[in-house]
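Chemist: Work out the full structure: start from the sequences and follow the hints.
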Amino acid sequence: MDPIYKHIYTIIEQIPKGRVATYGQIARLAGIGQPRRIGYALRILHEENSTPWHRVINAKGEISKRWEMGCEDHQKSLLEEEGVIFESNIRISLAQFQWQPRTPINSTK
DNA sequence: TCCATGACCGACT
DNA sequence: AAGTCGGCCATGG
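Residue numbers for the first sequence follow the numbering used here, so the first one is 1 and each next one is one higher.
Please note: incorrect hints may appear among the correct ones.
[Said to hold, decoys possible] Okay, derived cross-link-like pairs now, EDC-like style, lysine to aspartate or glutamate, Cα gap no bigger than 20 Å in a straight line:
| id | residue 1 | residue 2 |
| --- | --- | --- |
| 1 | Lys60 | Glu80 |
| 2 | Lys60 | Glu87 |
| 3 | Lys17 | Asp2 |
| 4 | Lys17 | Glu80 |
| 5 | Lys76 | Asp2 |
| 6 | Lys60 | Asp73 |
| 7 | Lys60 | Asp2 |
| 8 | Lys17 | Glu62 |
| 9 | Lys65 | Glu87 |
| 10 | Lys6 | Glu80 |
| 11 | Lys6 | Asp73 |
| 12 | Lys65 | Asp2 |
| 13 | Lys76 | Glu87 |
| 14 | Lys6 | Glu81 |
| 15 | Lys65 | Glu80 |
| 16 | Lys76 | Glu62 |
It should be emphasised that the hints constitute simulated quantities derived from the structure, not laboratory data.
Modeler: Right, here's the structure in full:
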């Protein structure tokens with residue numbers, strides 16, 4: 001498997017519990033720039049390892065639709081159990097829950 | 001090899 | 001605010 005994917009998985013595994021990251025964000029962290037590759041990496045992820053794929057969402061803060069319906073609901077449940085709160089029942093407040101690898105959350109601006 | 005599709009993103013209408 | 005379009009790259013037929 002491409003080391004790039006490995007890198008992607010490594011980054012995803014670094015997402016703390018109770019927080020989420022977007023595809024674009026991970027793409028930038030991985031030094032890729034093409035978010036689609038992240039999606040593809042996750043697609044082939046299958047069940048190979050214990051990567052917390054559920055903490056990866058799209059730029060809108062929503063759960064990306066996938067091949068099987070009901071999966072999104074499953075992902076939503078996993079996130080809620082970690083303390084992530086949904087708005088409008090589908091959307092996550094990125095300002096609040098997005099993973100900040102370099103900057104702490106308390107942005108006391 | 002060429003063409004179409006995808007767990008996306010951003011800009012534009 | 002919601003829908004459309006182009007970009008960029010990997011995978012499969």
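Chemist: Each hint: holds or not?
Modeler: Taking the hints in turn, this is what the structure says about them:
1. Lys60 / Glu80: holds (18 Å)
2. Lys60 / Glu87: Holds, because 12 Å separates the two Cα atoms, which is no more than 20 Å.
3. Lys17 / Asp2: Judged against 20 Å, a Cα distance of about 26 Å means the pair is violated.
4. Lys17 / Glu80: Distance of about 11 Å is within 20 Å: holds.
5. Lys76 / Asp2: violated (29 Å)
6. Lys60 / Asp73: holds (17 Å)
7. Lys60 / Asp2: violated (28 Å)
8. Lys17 / Glu62: Answer holds: Lys17 to Glu62 is near 17 Å, not above 20 Å.
9. Lys65 / Glu87: holds (17 Å)
10. Lys6 / Glu80: Violated - the C-alpha atoms of Glu80 and Lys6 are around 27 Å apart, more than 20 Å.
11. Lys6 / Asp73: At roughly 27 Å apart (the allowed maximum being 20 Å), Asp73 and Lys6 break the hint.
12. Lys65 / Asp2: violated (25 Å)
13. Lys76 / Glu87: Between Lys76 and Glu87 the Cα gap is close to 11 Å, so the pair holds against 20 Å.
14. Lys6 / Glu81: Cα-Cα ~27 Å, so violated.
15. Lys65 / Glu80: holds (18 Å)
16. Lys76 / Glu62: holds (10 Å)
The structure fails hints 3, 5, 7, 10, 11, 12, 14 (numbered hints given earlier, in ascending order).
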